[in-house]
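Order-wise, the sequence lines are chains F and U.
Using the numbering used here, you'd call the opening residue of the first sequence number 6 and step up by one each time.
Using the numbering used here, you'd call the opening residue of the second sequence number 98 and step up by one each time.
Treat the hints with care, as some may be off.
[Unchecked claim] Within a straight-line C-alpha distance of at most 16 Å, the following computed EDC-like cross-link-like pairs (lysine to aspartate or glutamate) qualify:
hint: 1; chain 1: U; residue 1: Lys129; chain 2: F; residue 2: Asp439
hint: 2; chain 1: F; residue 1: Lys558; chain 2: U; residue 2: Glu145
hint: 3; chain 1: F; residue 1: Lys440; chain 2: F; residue 2: Asp477
hint: 4; chain 1: F; residue 1: Lys407; chain 2: F; residue 2: Glu147
hint: 5; chain 1: F; residue 1: Lys447; chain 2: U; residue 2: Glu198
hint: 6; chain 1: F; residue 1: Lys503; chain 2: F; residue 2: Glu531
hint: 7; chain 1: F; residue 1: Lys179; chain 2: F; residue 2: Glu216
hint: 8; chain 1: F; residue 1: Lys444; chain 2: U; residue 2: Glu198
hint: 9; chain 1: F; residue 1: Lys466; chain 2: U; residue 2: Glu145
hint: 10; chain 1: F; residue 1: Lys447; chain 2: U; residue 2: Asp155
hint: 11; chain 1: U; residue 1: Lys183; chain 2: U; residue 2: Asp221
hint: 12; chain 1: U; residue 1: Lys220; chain 2: F; residue 2: Asp439
hint: 13; chain 1: F; residue 1: Lys440; chain 2: U; residue 2: Glu130
hint: 14; chain 1: U; residue 1: Lys140; chain 2: F; residue 2: Asp439
Worth flagging that the hints you see were computed from the coordinates, not collected in a lab.
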Amino acid sequence: MSSKEKIKSTRRFDVCPVTETSAGIPLKEVYGPQDLENVDYKNEIANPGEYPFTRGIWNNMYRGKLWTRRVFTGLGSTADTNARYKYLLGKGASGLYCFGDTITHQGIDPDHPLAQGYAGVSGVSIVCLQDMYDLFDGISLEDVSVSFNNPCMAATVVYSAFVAYAEDMGYDLKKISGSILNEPIHLVYSMFETNAKPLDLAAKLATDVIEYSIKNTPRWHPIAPNAYDMHEKGANAIQEMAFTIAIMEEYIQRMIKRGYDIDEFASRVNVFGCACDIDFFEEICKFRAARRVWAKLMKEKYGAKKPESCRLYLSVHTSGNSLTVQQPVNNVARVTLESLACVLGGLQSFDPAGYDEGYYILTEHSALTSLNIHNILAYESRVASVADPLAGSYFIESLTNKMEDEMFKVINKINDMGGAIKATESGWIGSEMDKELIKEQKEIEEKKRIIVGMNEFIVSKEEEVPIEVGRDRPLEEQMATSKKREDKIKKLRETRDKRKTKDALENLREVAGKGEGHNLVPLMMESLRAKATLGEILGVIREANGASYDPYKILQYSL
Amino acid sequence: MKGSDRKIKVVVAMPGLDCHDRGIIYLSHVLKEAGMEVVYLGKFNTPEYIVNTAMEEDADVIALSYLNDHLYMIFFPRVIELLKEKGCSDICVMAGGRIIEEDRPKLLELGITGFFGQSTPTKDMIQHIEDRVKRERWKQ
């Protein structure tokens, strides 16, 4: 390198090169009173805890209740997870988190040919009613809340198994609380699309869970749409929220069609799981704008009268995609910034990613660091003491307004296409996400987006600050875990009363083809009690609706 | 058809049930921009399906990606085994995603190269594909 080039390259870093947000909203050099000229405080911003909840859903925010401090848990077998739950409860945890494994997400059983090596590997495998007994042995469901991350069709079965277990154990269903991800539409372009098709059937089953839950498990949140995955697959901050809200409108409209009033269920379908990326102010304004958009839709479009129908609960996992494998210690700074945005954005819960998330399952050190990021923000930094401290900033309010406008534009566009299912099936949502993903990757490659240690300020492996990172479990161990699960399910198939199982599944099949008016949760519970498995239950429902028994078209119904 | 008038044909696929497909979405885009022909299989493929497609399509390259866990050490060697069985070992196999350092010598020995990751410049990937195809397939 010549000395002339060196000087030039140093100068490049003397000014802030950024002139727009991550989603492409142009940024002025400075904002002032003129940017808020037409803003009506009472109607558009309002105090925290007041409609449209721009400033947060509670009047005193974190003085009333701090955000829920969660740390990711995903252990293999139901017995391992049960042991971890008991440990966490002993340490004062009030909520449990159940992350499903890959095959449960896919809606297939551990003895499916494609499941080899996957069962119980990166989460808990839940396939039959017995799994609930193993998972919650010795834990009172009336005293803890359980959050299941299982999506789409499989979620219907997991929820049914949970309720069947709670009922059989004699718990008061009115007292059990928790949530399940459930939502299938977002999966088509983000993760496990096979288990989300046919989409109309998947959305019907998700609505069955919502309907059954508001009547029988009223403290439960029967759907918690996953905006996070869409963000990580390309959707920018505006799209992440707009797509998710448009998706939720599908369920709201189905529930209204089934004869429910918006105020009977809106306050049970208002929890979003989002991402928080590194664009600090944009993320804060994303949360503020999304709350306002949700509140306005509920009140103005769906006629909600209760304030709780208009409150949007936001929870976050900080963006794994924003982290680097290079110099993992730098990720602590990234995650801290993102977590601060969560606090200033008024979130109800978040979990800071581990600094070694780019490697494998977190080390204990990295999980502890994540927990301490919570603690430093909550107790040391004093950032949580005043509700929505950024309100009134010319820039923050102006960017919040802009993001609200942009979100509404996307939502209206999807509505014009006939709703989120149509916009997904036509490929529009997917191609919008791909476009953003490609744009972002290009900008990284062209160094228009700087990522320290990855495309700029690179150091050699030897110069890195040494830090322990998570390591893969050995292949043999992974295969053995999966094999154990497979054997367990095979044994279940051999030892159960086959006729009883078959009768229950045939009952389910008969009703499953009858359409929207027939809620399948009670029959799924009966099938589970007759020892049917996840794959079998979804298989007969699929067949009754003209789809293949096995989403991968390998297995046939064989009872 | 041989030589530079022919487009390089790449089958881009993820074996198994890993769902982290950001990498192959972007890779497919840049390969197309670089003038290559891409047969995009996306995620959730069996090694058998990947190899059969590559043969039917008369592909020059199979580009594999995997991130979630360690099962690539079963899927990737299986792809090589199938290519051998079917007499198609002349198809170049490359891999990317999250391929850990310790596994690389074994994969290299099987003829799998690349090991591209989050920070590999795409021009390096394109160069790598062109070099291998010209050297091994077009004998230039």
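Comparing the hints with the structure gives:
With a C-alpha separation of about 15 Å, the suggested pairing of lysine 129(U) with aspartate 439(F) holds against the 16 Å cut-off. A C-alpha spacing of about 15 Å is found between lysine 558(F) and glutamate 145(U), which places the hinted pair at or below 16 Å, so the restraint holds. Proximity of lysine 440(F) to aspartate 477(F) is assessed by CA-CA distance (about 32 Å); at most 16 Å being required, the pair is judged violated. The straight-line distance between the Cα atoms of lysine 407(F) and glutamate 147(F) is roughly 43 Å, outside the 16 Å bound, and the hint therefore fails.
At most 16 Å may separate the alpha-carbon atoms for a hinted pair to count; lysine 447(F) and glutamate 198(U) exceed this at roughly 27 Å. For the hint linking lysine 503(F) to glutamate 531(F), the alpha-carbon distance of about 14 Å falls within 16 Å, and the restraint holds. With a C-alpha separation of about 15 Å, the suggested pairing of lysine 179(F) with glutamate 216(F) holds against the 16 Å cut-off. Annotation: proposed proximity of lysine 444(F) to glutamate 198(U) is violated, straight-line Cα distance about 30 Å (limit 16 Å).
Of the supplied pair hints, the one linking lysine 466(F) and glutamate 145(U) is violated, its CA atoms being roughly 37 Å apart against a limit of 16 Å. Distance check on the hinted pair: lysine 447(F) and aspartate 155(U) sit about 30 Å apart at the alpha-carbon level, beyond 16 Å; violated. A C-alpha spacing of about 30 Å is found between lysine 183(U) and aspartate 221(U), which places the hinted pair above 16 Å, so the restraint is violated. With a C-alpha separation of about 20 Å, the suggested pairing of lysine 220(U) with aspartate 439(F) is violated against the 16 Å cut-off.
This hinted pair checks out: lysine 440(F) and glutamate 130(U) have alpha carbons roughly 14 Å apart, not beyond 16 Å. Taking the CA atoms of lysine 140(U) and aspartate 439(F), the gap is about 15 Å. The hint holds against a cut of 16 Å.
Consistency note: the structure conflicts with the earlier hints numbered 3, 4, 5, 8, 9, 10, 11 and 12.
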